[in-house]
Amino acid sequence: MVSVGDLPEELIARPQALVVLTGIDIVHNAEHLRIWDAFSNNRRPDRVPIQFKMLPGDHDYLKLKQKKTAYDWVIPKGILKTNWMRKHLHDVPAVVVVFFELDWDEQLWNERKQACATFVEVVRTALHGRQTRAAVVLIQKNAPLPPGEDVVAADRATQLCNACELSAKALFVLPNSDHLLGYVIRLENAFYELAQAYYHHESRVVKAHRDHLNKTTHALLFVRHQFKVAFYNELKQDSHTALKHYRQAYLHLHELRITDYNLLEIKTNSCIVNFKICKLCFEHNTPLDAISQFRRHVDIYKSKIGTADLAFEHSAWMSKQFAVFGDLFEEAIRAGLTAIQTQHPGFYYQEAARYAIARKQLCRGLCPAELKYPASDPLAEADKMEYYGQRPWRQGHQSLEAPSVQKEREGIQALQYRECQVDHSWLVIPLLSSAIAQFKKYKSPRMKRYLVVQMGEEYYHAKDYSKALALLGRVTWEYRSERWWSILTNILQLSLRCAYLVMSFEEYVTVSIELMGRYAQVPREEKIRIQMNLHKIFQDEVPEPEHGCEHDSVEKGRALWTTISAGGKSRSPIVVEMNSITAFVECKACFTADSFLCESPVTVKLGLHSFAPMPIRFSQLSVRFSNEAYNQFGIVVDENAVDDPIESTSYLKPGQTLWHTFQFIVEQDDVDCNLSIAGVDLVLGSLEGCCATLRWTDGGGDAIVHPFATQVHRKKVALNADFSVVSWDVLPSNYSTHISPREANLDVQLLQKGPALVNEFYLMTVSITNTEVAQISNVRTSISVVTAVADAVATAQPNTFLYEDIDLPCSQLISMPLLEELKPNQKVDNVAYVRCVDSGARLMCIQVSYQIPIDISGKMSMCNCMKEITSSIEVCEPFNITVSLTNMKVC
Amino acid sequence: MAVCVAVIAKENYPLYIKTLPNENELKFHYTVHTSLDVIEERIHSVSKNTNDLRELYLGLLYPTEDYKVYGYVTNSRIKFIIVIESTNATIRDNEIRSMFRKLHNAYTDMVCNPFYTNGDIIEST
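Which chain is which? The protein sequence lines are A and B, in order. Every letter in the first sequence is one number past the one before it in the working numbering, and letter 822, counting from 1, is 822. Count along the second sequence from 1, add 1000, and you get the number used in the working numbering.
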């Protein structure tokens, strides 16, 4: 069904001259088939723009209309006829070419000549007096001789031309030889010239009408004639003249008087002319002209809405205009035009989408809900109208008033009925996605996001709620990180509605949590309502529906919720990632110091601050550490019922901070490591039933809002300060700490006597004295050589060898025998030998590790300690032999 | 008269947005937010050239159907945006420039205020 604003197909394609070939029989004659193929196949753009058609010789062409000599009594019934363009593109040829097999040296020359002449006569009669040019092509077997040499041919050619009443220029020869394509191309060029002559003649004929017209009665004809002239020029491929005439036609259109009844016709015709103008401007590589023409076109018609009952038609028309222009622009870009960030097809698609959305809203507002299609079927002839843009029930009517008020009303009703059947959202969504693609191409990410939000809204109106939810979810993080709270709130409210209607439990809870938070710009009553709904969910009840949803969708949504909660099965617990949203509860965890000694307990302070409008209770709080063994120390469970107003350590009042402190002793394996908080889990709802786990990673904090260095300007709060008096925003969040090992209280010495000599088994004594208060056990000693980096590079082989005993093999590291225990102030000596093959200094590293029982908050546990010393050994050459010659004389 | 005025911080979050009371605020939020795209593009393209005479006033950003959006960037990357109705043809370029200059002066006065910490939302009576 042709709807308002649609362009006819004849308009969109590029006009090409029409040439008809007759006399070719492709079914029975293989040579003819080759000839036809050469003409019709493989029409590359560098060949002349001609459309070839093959018709039988006696095909009856359309009758030429009676030419008017005087226009006095002619009252035009419309501006442009719908079949005119089609006629000239497909039906009425510019040139008819007759193919005839005739050689110059034909035996029965006269008979054949006569047959040819009759054939041409038949064609001429079939044309009914149109000025279509006729041409004859003789299919010959031999190649033609160069002109001037073949006297016979020249003579016969003139005879044939006289017989067929053709001019000498209209007779051609096509030898059926190998260079068929070359001859065919030459023929095509000749046909092209003939076609151009024909169209030129036709346009002059139309221009000649102008003298007979006057402005008052024939205003429509001015437009029609200019359009015709321009179209002929296009067929002639003279696009500059064509453009000039189209612009004239456009101007004439605006001189017409506009009433409610002919507004649609004027709009339709002006959109056709505008399309042509813009297309030609783009082809001539003057895009700015095209854009300014389009802008003017839109500005003129923006306010001309027409009948108020059909205002949606105007929006549909405007939307179509923008979409079509966007398409033209895009085509031009593909053909090589470059667009910039502020002027590209995306804007036009976006406007088209905007008008389509307006159309949808107008339709909802104007069309009554129960509408029936009127029995008289006013739109019966919508597809077969005679003139573009007229109403089917009053075709050809040009006076200022409607002929029948009843018919008008029925017509309007029919159109409204049709409009209600249109699925508007599916018109908007493709426009939006084209716009999004364009904006992405031209690097406008924020505009793209805005369009994604609009698309989400359209999906919501189209009742595809899960898709809407997916789209909206994709953009929320960007608005959140850029901190545009009002936009974010709007998106979240829409998401909440969608989540309710599709019963997406996780999304619903996440969005509710965020909407209750402190940055959401919802009024307090709204927050309370959301909190109540959340409460109901955790108690396995059905939440109330959101406002502003469609009635039947609400029913469906409610049914979904009731089936789940009535089924008795609780919903599976969900996990909400808190680091990516700004929720109503914020968590900050910190170690009270940057490093702890291994024997002192590690203290973690965890604060929870609630921005919700009403108090809320959570059922479990747990802290997870990098070493999972400590997780058990960080759990707080609340046994009270969820809606019990007893204040406890898990009851969060609005605006208050709740502090929890956890302390534990580290295990020995973690000494000298970093201990960090992996995450904090807060469980809302009852643990046996429906619950949601709010999960923070890395100790909470508000990474979204204050990731920047703005905190540098704030005074740092000391970690061990009294947090209850500090405001929540400036609290630090320190989630990593270092466990430093206990200082070893041991005296280790390397005793040696004098310098070592090269290659000597040098005795070293390691002396260990226990200066601790308690007895130590499991004393392990080891000696190794410290190789400086330079040494390792210079010497490929080790130059120092360690021996435990002289008879034993050497090694690079010696471990002394384990000592079970060492009493306080007890001393023990271990010996080792070292042999060096080079002189120089050596660095020996001695490590002693032991265990000592220590008291950590009442519990005795073994603590590992280690002491390491380095000592240097000087190695020198034992003998230094020098030789000097005193006398060379032998005596 | 301007329909909407906005002050945007360096990190592209709004410090202050004010619209005429009976207009659709959300639409203006979106308009200002999307015009940040164009501003960012201009800033980045200009910063490739030498920086000595960088023009603070960016001029007409892009004309949407009904509104004209003008932008202005300070040296500390604070952005001012003014939105004007297209039908208001009497406003000339000079007037826009003077509006921006007044805004800039007001902003610098506010920064000099010792009680104002950088990055806070601006509240004005």
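Where hints are given, some of them may not hold.
[What the hints assert, rightly or not] One side of the interface only, derived from the structure: several residues of chain B facing chain A at Cβ under 10 Å:
| no. | residue |
| --- | --- |
| 1 | Thr1031 |
| 2 | Glu1040 |
| 3 | Tyr1107 |
| 4 | Thr1108 |
| 5 | Asp1109 |
Just so you know, these hints were derived from the structure itself, not from any lab. All C-beta atoms, glycine included, are put in the ideal place defined by N, C-alpha and C.
Status of the hints after comparison with the structure:
no., hint, verdict
1, Thr1031, "holds, 9 Å"
2, Glu1040, "holds, 9 Å"
3, Tyr1107, "violated, 17 Å"
4, Thr1108, "violated, 18 Å"
5, Asp1109, "violated, 20 Å"
Going through the hint list in order, the structure does not satisfy hints 3, 4 and 5.
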